[in-house]
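Oh and the sequence shown: position 188 is 188 in the numbering used here, straight run, nothing missing.
Read the hints as simulated data drawn from the structure, not as lab findings. Mixed in with the good hints there might be a few duds.
[What the hints assert, rightly or not] For each label pair, taking beta carbons as the anchor points, the in silico distance ranges come out as:
1) 245 x 13: 47 to 53 Å
2) 34 x 159: 46 to 52 Å
3) 108 x 41: 45 to 51 Å
4) 245 x 87: 16 to 22 Å
5) 222 x 91: 26 to 32 Å
Every residue, glycine too, gets a C-beta built ideally from N, C-alpha and C.
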Amino acid sequence: MYYLTSRGKPSLRAYLTTFLVFSTIFVLLGCAITAYILFYWSYIPRIGFERTIHLQFDNVYKHATAKRAEHPYPYGSVNLAPDLVGLQGYDVVVDLVMPRTPENQDAGNFMLEVTMYAQDERAINTPVGMSPLDAARLGLSPASTTPDASSILAISRRHAILPYRSWMVELLHTFSSLPWYFFTLRDETHKLSIPVFDKVAFAKGRQNLPATLQLEIQCTHTLHVYNAVVRFRARFTGLRWIMYNHRIISAFVFITSFWITELIFFGLAWALLSFYFSSSPKPIKEELRAGRDSAGAIKQEADEDMEPVLSDTERQFPTLKGQEPLRYSRSSTSRIKQESDVEPAIPLVTPAAEADDEDEEDVDFFDSGIGTSLESSNPSRRDSIRRRRGRLSGRADEDQKAY
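Put together the whole structure using the sequences plus the hints.
Below is the structure:
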C-alpha cells in the first residue's frame, strides 16, 4: 500500500506528461503539413490556363445603333483575371483552328495582334433591358472595358500562314484519310499555334496585372476560322521551379523545417510555464514541511520521559487502627514527569534514642497501600535496627553476669 501511495502520483504525472508531449508533437506535425499546403497553394500559381476567344466580324453584321465605327478585321476579347500572378513569367500562345479552304490557302500571310489591357475603372456595363447578344453586337459586352493607350500593359504582333501542300501530297493525304473521314473521326482542319509572348512578366499589384486580352486577325482576305484559343503557361524559376518540379523533396524539407520550428517554440513555452508554476509555491511547501517535522520532533522528545499510565480508577486501601484510610484519587494533571528518587540518608542512632526501639519499630512500619501486610520503608534501615537490637541484647547479658 505504501508503495502504491508513494509511486502512484509520480507515475501518473509521468504518464500524463508523456501523453501530452506526444499528442502535441503529432498536432504540430499536422499544423506543419497544413501550413506547407497553404504556402504551396498561395506561392505556386497555376502552371497553365487557357481562354476561348469568340471572334467578332463587323463586316458580316452591323447593328444600326452601334456607337463605334466598324472594325475591318475579326477580333475578340477575353477576361484574364484572376489567374495571373505578379513577377511571374508566362509564355502566351494563340491557337487557330482553320479549315483548308481555297480562300484560306490563297490568303497567304496574315497578322495576329495581341494586346493586354489593365483594369479600367470606366467599365461599360450592359444597359438595362438589353440582352447579352445585343450587347455583344454593339461591342458593349458585360464586364468589358473601354481600351485606350494609357491602359495597355503589353502588345505583340506575330505573322502566320496556313501550311502549303502540293496537289499530289494533298491527294495522297486525302486518300489515306478517307476511312477516318467516312466514320467522322477526323475533320479537314488544321491547327495553327502562334507564340505571341515569351516569358512576359508584370509587376505586383492589381493595377499592374492585365485584366483583358484582345486578339485581332489582320488580313486582306476574308479568313475562315473555326476556333481561337489563347493559352498561358507559367515559366517557373528559382524556388517555384524547385517546389513544382521536385515536390516530394521540397515538401519533406519544408514540412520538417516548419515542424522543427514549432517544436522549438513549444519547448520554450513548456519550459517557461514549468518554471513559472513550479518556482512560486515550492518555498511555502518547504516551510510547512519543516514546521511539521520540528513539531513532531518536539512531541517525540516530550513523550520519551513519560511513564505509561496503567489505571486512573479511584481506590481505598486499608490501614492500621487509629490512622486515616489511604485513598487514591485521579490526578488533575494526567502526565507529570517523574523525577528519579534519591535515597534518603540514614540518621545516626544516639544512645539516648536506643531506648525507644519499640516506638521506632512502630513508626518505621507502615501500610504500603497494596494489601494488609506490613513492610519496611527501606531495607537498609531494617538492617541497622537488627544490628542495634543485637548490641542491646549483648549488653543485657553482660550486666546479668556482673551481678
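Item to check | List of violated hint numbers, smallest to largest | outcome: none
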